[in-house]
Amino acid sequence: MTNIDQYKVHQEPFYQAQGDEIALYEAAYAARLPVMLKGPTGCGKSRFVEYMAWKLDKPLITVACNEDMTASDLVGRYLLDANGTRWLDGPLTTAARIGAICYLDEIVEARQDTTVVIHPLTDHRRTLPLDKKGELLEAHPDFQMVISYNPGYQSLLKDLKQSTKQRFTAFDFDYPAPAIEAEILGKETGIEAGLSAQLVKIGGAARNLKGHGLDEGISTRLLVYAATLIKGGVEPRAACRMALVRPITDDADIRDTLDHAIDAVFG
Amino acid sequence: MTTATTPSELEDYWEQLDCGFPRVKPVFADCMREALATLSGQGVEAYISNARFLGKMGRGAEPILIFLEEWPTVASRLGEEALPAIMECIRRMTKSPNGNAITPFLQSLPVTARRLQSPQQLRDYLDIVLDFMERTTGSIHGIHQTFPSPGLPEFFKKIPLLLGQLSLEGLKNWVEYGVRYYNDHPDRQIDYFSLQSADSRAVLQRERHGTLLVDNERRLDMYLRGLWHDEGQLIPYSGAFDELRKPIPYYDKLGIRLPDMYDDFIRPSPAGGREGERLPAGEIVVSGLDRYRAVLAHIAGHRRWTTAIFADNFAPFQRMAVEFLEDSRVEYLAMRVYPGLRRIFMALHPTPAEDACDPELESGVRHRLTMLSRAILDSRHPYKNPHVVEFAQRFHMLMQQGDMSTPEIAELAVSFVAKARRQSDQLAKMHFKDTVVDYRDDNRQMWKFIEEGDEEEAFDEPRKVEPGEKITGLPPRHYHEWDYNSQSYRPDWVSVYESLHPSGNAAGIDRLLAKHGALAKRLKKMLDLLKPQDKVRIRYQEDGSELDLDVALRSLIDYQSGATPDPRINMSHKTSGRNIAVLLLLDLSESLNEKAAGCDQTILELSQEAVSLLAWAIEKLGDPFAIAGFHSNTRHDVRYLHIKGYSERWDDQIKGRLAAMEASYSTRMGAAMRHAAHYLEKQQADKKLMLILTDGEPSDIDSKDGRLLIEDARQAVKELDRQGIYTYCINLDHKADEYVADIFGKQYTIIDRVAQLPEELPTLFLSLTK
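Protein sequences, first through last, are from chains V and R.
The first sequence: position 75 = 75 (the numbering used here), numbered continuously.
The second sequence: position 24 = 24 (the numbering used here), numbered continuously.
It cannot be assumed that every hint is accurate.
What the hints assert, rightly or not - Using 27 Å as the maximum straight-line C-alpha spacing, the simulated DSS-like pairs for lysine-lysine come out as follows:
no. : chain 1 : residue 1 : chain 2 : residue 2
1   : V       : 38        : V       : 58
2   : R       : 595       : R       : 735
3   : R       : 620       : R       : 524
4   : R       : 384       : R       : 429
5   : R       : 429       : V       : 210
6   : R       : 384       : V       : 210
7   : R       : 172       : R       : 620
8   : R       : 525       : R       : 384
9   : R       : 595       : R       : 525
10  : R       : 419       : R       : 433
11  : V       : 161       : R       : 620
12  : R       : 574       : V       : 132
What the hints assert, rightly or not - Derived CB-CB ranges, DEER-like:
no. : chain 1 : residue 1 : chain 2 : residue 2 : range
13  : V       : 172       : R       : 235       : 31 to 39 Å
14  : V       : 27        : R       : 236       : 34 to 42 Å
15  : V       : 16        : R       : 536       : 48 to 56 Å
16  : V       : 116       : R       : 255       : 45 to 53 Å
17  : R       : 235       : V       : 241       : 28 to 36 Å
18  : V       : 232       : R       : 536       : 45 to 53 Å
19  : R       : 536       : V       : 85        : 53 to 61 Å
20  : R       : 396       : V       : 234       : 29 to 37 Å
Stated by the list, open to error - So the derived list for chain R, only partly shown, Cβ under 10 Å to chain V, looks like this:
no. : residue
21  : 544
22  : 556
23  : 560
24  : 564
FYI, nobody ran anything at the bench for these hints, they're computed from the structure.
Even for Gly, the Cβ is constructed at its ideal location relative to N, Cα and C.
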């Protein structure tokens with residue numbers, strides 16, 4: 001039998017609420033409605049799910065989606081073994097059996113025909129047909145489906161089907177307001193308030209450039225990295241260049257502008 | 001050396017000078033006094049003897065007068081030892097027919113001396129001048145120089161401007177360009193050297209020193225957007241041609257006007273270097289780019305924090321004070337957001353000396369306000385003036401209580417004006433030195449007028465569009481042309497006009513295709529072989545869309561028999577297609593009308609057949625494909641004739657255009673290739689192929705040097721290569737070996753038997769793209 005305990009979130013993850021999303025999520029979970037989290041990379045989507053799983057004390061099974069993922073990677077497949085073949089549950093099936101929150105991260109990365117397998121689980125049926133095995137799996141009452149994706153990102157081709165979209169309730173995530181973000185940096189890494197405000201200001205400069213040469217602004221995650229480096233004793237400018245500027249761009253003009261922003265902010 | 005000069009000494013010098021011009025006598029005494037004060041004993045000797053030479057030269061009184069008046073000042077800047085070189089230069093001018101350039105040359109000396117910092121630079125400058133003179137002085141039979149250089153006097157008239165904009169290296173390049181291209185055309189040479197002609201200005205622009213706005217527009221745009229969350233179109237204005245009154249940056253609803261160039265800001269020498277002078281070496285304090293950023297930060301600050309107030313209630317001095325203090329306020333706020341700006345502002349903001357302005361003689365309003373502004377910016381300011389100190393403190397106190405608003409600042413400014421007021425403020429002579437803060441805008445946006453005033457001026461007049469002015473055809477596109485002599489591009493040298501090829505009878509092309517029916521059949525077989533096979537199976541995949549049964553069984557057997565099974569038991573499919581965009585560029589020059597050797601058709605007709613077959617073949621293959629023709633009649637008129645575009649099908653319309661193909665004029669290949677490339681570049685394809693069908697070398701009637709256009713075409717091939725376009729030449733000229741490899745490297749075929757072209761061309765294409 002599957003070890004449920006390994007999927008539990010044991011320690012409280014730090015999550016700074018930006019609005020009433022916690023209460024809304026609890027309401028959605030109470031009705032077992034599927035939830036979709038939208039927002040740019042590194043703004044706290046996965047952290048939120050982790051936090052909610054901890055808060056509701058439910059197991060969490062996370063699947064990072066990719067283009068090569070097939071339906072059988074989600075549902076399960078037959079494996080050959082010494083006596084012939086053996087069925088192995090996929091993560092989605094496991095979650096439905098044990099009553100976990102199944103979190104499909106970056107769902108648009110998976111091919112559209114793959115994502116269709118979640119459909120029967122996400123409407124009133126709450127079943128998962130395992131046609132290869134000849135089993136119709138009734139989802140556990142605690143089972144809930146959560147997906148996340150980044151709408152501003154990737155190509156036109158990578159979008160969700162309408163039929164998939166319309167099975168979910170959705171949250172819009174964005175980078176937190178400057179004051180909150182500075183607080184997050186402080187709590188995550190323990191740097192002082194002035195420094196975290198400066199980091200947030202640099203992040204803001206880069207976010208303004210989104211769509212003008214940058215696909216995505218500096219995420220909260222990168223700001224946390226920078227703060228961690230500074231906390232570890234790295235000189236702030238060097239830490240910012242390393243953690244904030246170099247990862248996000250190869251464009252000399254943007255690099256130059258952001259480097260200047262770092263100088264301007266640190267004075 | 002004594003400065004007191006007795007009349008008898010003067011008399012002596014006058015005799016030595018031996019000058020009969022009546023205009024010299026009255027100024028001589030003054031000049032002598034200055035010379036004796038600044039020059040050494042030997043220097044005075046040389047001064048007199050050289051003046052004497054200039055007087056005896058037979059060029060009138062002008063040269064000697066200028067020399068007498070200017071030399072002492074020039075000598076104090078360049079040193080007396082510069083004189084022999086200058087005189088040698090003048091002697092060479094007298095010996096040549098260029099005597100008319102001596103006066104302008106002497107006149108330009110004081111300015112030149114100020115710009116050139118060292119004797120070495122002066123020597124380099126004189127070398128440029130002499131070289132220029134030698135090369136542009138005309139001769140009839142190649143022995144005696146008979147005609148004066150047309151451009152030289154103009155050059156000396158423009159030299160202050162030129163040296164202000166260019167380094168000596170740049171000057172040399174600029175002169176070089178003019179001499180090379182206009183040596184045989186005196187009128188154009190004059191236009192060039194008097195900065196009248198467009199390319200003269202263009203080359204000047206290219207050679208300028210400093211940071212150009214055009215090169216950094218994107219960065220500055222990002223700066224504004226990223227750091228200030230603001231946007232605006234950045235519009236350059238040129239500060240190069242307004243010597244007296246420099247335009248000031250400003251912004252309005254159309255955009256932000258900035259100078260087209262900023263030099264790096266170099267710390268002025270502590271000895272109080274002469275105004276407006278560039279120091280040759282020194283620590284760069286603020287880069288040109290940062291100066292632009294300072295302007296933008298200031299303007300963005302205004303846009304964020306300034307609210308316009310009514311100007312009508314303020315006297316002119318009050319307005320000036322309000323502007324200064326408001327500037328200080330937005331900078332203060334800007335620095336609070338970005339502390340790093342302080343370094344830039346501090347370096348750029350002038351620090352006028354407290355005693356620089358004599359309140360008895362000059363109006364010190366600007367001076368006082370600049371001191372206040374400096375004192376606000378710089379807490380370690382040197383000023384003792386009680387009003388300045390008091391108001392700087394009051395400013396900081398008020399700012400600590402809150403951001404303040406423009407009207408509040410106006411109040412503070414008005415009380416400053418009232419308190420610090422002096423009688424002499426009304427004097428007409430204003431003290432300006434060190435009071436211009438050049439990163440600040442002209443503050444036109446902070447004033448509202450109850451009555452429309454005429455204080456504001458726009459640099460650019462709204463352009464009037466004449467009604468009824470009809471635009472026919474596309475506007476010309478300009479392309480650079482490579483000049484192998486100087487290894488540089490001639491800016492915007494060639495004008496390319498594009499138009500649709502006129503239509504003819506499409507049935508003609510169908511007849512041609514029918515005539516080559518047998519060939520078409522053979523081609524079709526080849527085409528079928530080339531045609532893309534859409535689905536391809538990829539086997540041996542660890543992850544795939546399907547189980548590959550053969551492999552899976554093998555693995556299972558391996559597994560059961562205890563051997564290591566191969567886990568790659570899946571397979572998947574991939575679509576593989578040809579992904580080539582093709583552009584066929586046809587040379588339509590006059591020579592195509594010749595009969596091809598060995599048959600009774602012209603080359604044009606054969607090309608028509610070949611192109612028709614090729615177009616038919618490519619259409620069958622389904623590759624994106626365009627056809628265009630070109631010919632040229634000097635650089636001002638390169639025609640690019642559009643025959644088939646990528647979105648057009650191979651139909652009667654296209655056939656009609658092909659049927660109407662005509663040949664005339666010459667072959668300026670480089671420009672046509674660059675123009676064609678800009679279409680091909682936009683195609684989304686893995687491979688881009690440009691086929692050029694030509695029958696001779698690139699040439700044009702306005703190009704005497706045969707190599708020039710060949711080298712340009714070669715450069716064009718290199719450019720295209722960098723853009724990811726593969727060029728391939730099909731040459732019908734059996735003498736092409738001499739040049740075609742120079743242009744296309746190995747990417748060419750020469751077709752000797754032109755009659756074979758219709759057969760060769762499609763096969764060649766197919767083998768190229770196999």
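For each hint, the structure was consulted:
1. Among the hinted pairs, residue 38 of chain V with residue 58 of chain V is consistent with the structure: their alpha-carbon atoms are about 22 Å apart, no more than 27 Å.
2. About 16 Å separates the Cα atoms of residue 595 of chain R and residue 735 of chain R, which keeps this hinted pair within 27 Å; it holds.
3. Restraint check for residue 620 of chain R and residue 524 of chain R: satisfied, since their Cα atoms lie roughly 8 Å apart, inside the 27 Å limit.
4. For the hint linking residue 384 of chain R to residue 429 of chain R, the alpha-carbon distance of about 24 Å falls within 27 Å, and the restraint holds.
5. Restraint check for residue 429 of chain R and residue 210 of chain V: the C-alpha separation of about 52 Å exceeds 27 Å, so the hint is violated.
6. A hinted pair counts as satisfied when its Cα atoms are at most 27 Å apart, and residue 384 of chain R with residue 210 of chain V does not qualify at roughly 49 Å.
7. Proposed proximity of residue 172 of chain R and residue 620 of chain R is contradicted: the alpha carbons are some 57 Å apart, above 27 Å.
8. Simply put, residue 525 of chain R and residue 384 of chain R have alpha-carbon atoms about 96 Å apart, too far for the 27 Å limit, and the pair is violated.
9. Distance check on the hinted pair: residue 595 of chain R and residue 525 of chain R sit about 32 Å apart at the alpha-carbon level, beyond 27 Å; violated.
10. At roughly 23 Å between alpha-carbon atoms, residue 419 of chain R and residue 433 of chain R fall within 27 Å of each other, so this suggested pair holds.
11. Pair hint residue 161 of chain V plus residue 620 of chain R does not hold up; C-alpha atoms about 36 Å apart against a cutoff of 27 Å.
12. Restraint check: the Cα-Cα separation between residue 574 of chain R and residue 132 of chain V comes to about 26 Å, which is no more than 27 Å; the hinted pair holds.
13. Against the hinted window of 31 to 39 Å, the Cβ-Cβ separation of residue 172 of chain V and residue 235 of chain R comes to about 38 Å, which satisfies the hint.
14. Distance hint for residue 27 of chain V and residue 236 of chain R: a CB-CB separation of about 57 Å, inconsistent with the stated range 34 to 42 Å.
15. In this structure the supplied range 48 to 56 Å holds for residue 16 of chain V paired with residue 536 of chain R, their Cβ-Cβ distance being about 51 Å.
16. Between residue 116 of chain V and residue 255 of chain R the beta carbons are some 51 Å apart, a value that agrees with the proposed interval 45 to 53 Å.
17. For the pair residue 235 of chain R and residue 241 of chain V, the supplied restraint of 28 to 36 Å holds, since their beta-carbon distance comes to about 32 Å.
18. The hinted range of 45 to 53 Å is satisfied by residue 232 of chain V and residue 536 of chain R, whose Cβ atoms lie roughly 51 Å apart.
19. As the Cβ distance of residue 536 of chain R to residue 85 of chain V is approximately 30 Å, the hint placing it in 53 to 61 Å is violated.
20. Taken as a hint, the range 29 to 37 Å holds for the pair residue 396 of chain R and residue 234 of chain V, whose Cβ atoms sit roughly 35 Å apart.
21. The beta carbon of residue 544 of chain R comes within 8 Å of a beta carbon in chain V, closer than 10 Å, and the hint placing it at the interface holds.
22. For residue 556 of chain R, the suggested interface contact is upheld, since its CB lies about 6 Å from the closest CB of chain V, less than 10 Å.
23. Hint status for residue 560 of chain R: holds, given a least beta-carbon distance of 7 Å to chain V, under 10 Å.
24. With its C-beta approaching chain V no nearer than about 13 Å, residue 564 of chain R sits outside the 10 Å limit, and its interface hint is violated.
Hints 5, 6, 7, 8, 9, 11, 14, 19, 24 from the earlier list are contradicted by this structure; the remaining hints agree with it.
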